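Protein chains: 2
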Amino acid sequence: MQKPLILVTNDDGITAPGLRALVRYMKDLGDVIVVAPDSPQSGMGHAITLDNTLYSKRMTIDQINGADEEYSCSGTPADCVKLALQELLKRKPDICISGINHGSNSSINVIYSGTMSAAIEAGIEGIPSIGFSLLDYSWDADFEPAKESIQKIVSEALKNGIPKGVVFNVNIPKLKKNELKGIKICRQARANWKEKFDKRTNPMGKDYYWLTGEFELLDHGEDTDEWALTNGYVSVVPTQFDLTAHHVIQELNTWDLEVMNNGEG
Amino acid sequence: MQKPLILVTNDDGITAPGLRALVRYMKDLGDVIVVAPDSPQSGMGHAITLDNTLYSKRMTIDQINGADEEYSCSGTPADCVKLALQELLKRKPDICISGINHGSNSSINVIYSGTMSAAIEAGIEGIPSIGFSLLDYSWDADFEPAKESIQKIVSEALKNGIPKGVVFNVNIPKLKKNELKGIKICRQARANWKEKFDKRTNPMGKDYYWLTGEFELLDHGEDTDEWALTNGYVSVVPTQFDLTAHHVIQELNTWDLEVMNNGEG
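Residue numbers (our numbering), protein chains in the order written: chain B, -10 to 254; chain V, -10 to 254.
Simulated from the structure, these hints should not be mistaken for laboratory data. Computed from a predicted model, the values in this text were never measured in an experiment. Possibly wrong hints are sitting among the right ones.
Identical copies go unnamed one by one, so any copy, or any two together, can satisfy a pair.
[Unchecked claim] As a list, the in silico DSSO-like pairs of lysine-lysine whose alpha-carbon atoms are at most 30 Å apart:
#1 K183 to K81
#2 K185 to K(-8)
#3 K183 to K46
#4 K185 to K153
#5 K16 to K166
#6 K185 to K79
#7 K153 to K183
#8 K188 to K81
#9 K(-8) to K79
#10 K79 to K188
#11 K148 to K136
#12 K136 to K79
#13 K81 to K153
#14 K153 to K170
#15 K183 to K195
#16 K183 to K79
#17 K46 to K188
Please build the complete structure, drawing on both the sequences and the hints.
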């Protein structure tokens, strides 16, 4: 039987330890091809490169236990997936795995996440797809405690398929293996960032800003990803790219949206 | 009575004709403050500037019929909204309007849209918010036929409020005023882009790519934005930033996600 073909990408760049760990974990499950950004792309959201050129380079990062093929790409995470699917891969991958991100993509962070934009791009193109993030920003984060959960989720997704129009946003708490309580299916917690701009003056006398902020949880449900993570669980949020708020369509149809002098007037 | 305070932004940049038209139309409805990118940001998705500085500049573009205040910002559309709300505006705006985009943001394009990322950012911060796009990419597009529909939708949103957690994605067909049939509440059509990468060789002998593609509609429902636009209607899609696919949670809870040797084992 042919082994599953696994496309691996991320937003922290092709040399990030989180991606190198993910490649090792995926090698146990199938053939692995990496197409990842040549530089960090955090906070890129679902950006794509429309008005600039893209470069791609075949390379080998880990001689031992590395991917079957690896390519860096000068674009965003979404660009990497597009280029992989249309140009670099010889056949359609069975699954696309993005990460492991250094840092959380839970709750509202999904909106800003380059890791998840790569996963969503693959989902739009009809490929089962999962983004993984560890709640540890440091470059020397320990990914090993997450290994079994990651392999379990990917194996189940390969076995069952992921529902159409859905990709998984998986976040993993920063805990030791024996502290992890299990895996929970969750909804995205309501939250936002309370921004603070740190205003400074540059050596030429011109004001500039650094964006900083504090995470503000607005949701105390026990079925959310934030609850799961705080309580020691790996959170799996099924995430969709049909953004329609179907539940308000009926209400909006009661609004007065008649326009004068139009084609029916 | 105090006039509504309207924050206007976009992704084509502060000098774009679509934004200048929007400022004129919003001046009929309230006080207008513009905070918009100093350069085009199309395809930026929901990118934010995490590892770089932001600059902002007070300016006046149109002496007559211009905004009450205008600021350019060196960041992305989402950065503009964050900076406006936290630093530049003296009070919370009553509504945030993004656009008018030169080109469509219907169906799956919402995911890549800088115009909509600005609107969604304001929505996350609890501000009623609408993105407008005209299906005409040209810089000298005629926005006048859209004026009445835009003013009608914004007036109704100011009167009724927009449901919590929802922002409007409004697209306008490229038609004469008397050809516009009216305004329709729609759902986002299922669609994707069939990418083609145009591969070339640079003068130094290195291969590079241009991203190009064809829009592929996968949805033939008559309640979609694509149907409305093709049939002469302005489409209004209520768009949400809770990306949870609530309808699959029950099914996913039947998966075997037990992990060995964990905290409960």
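Earlier hints that do not hold, by number: No numbers; nothing is violated.
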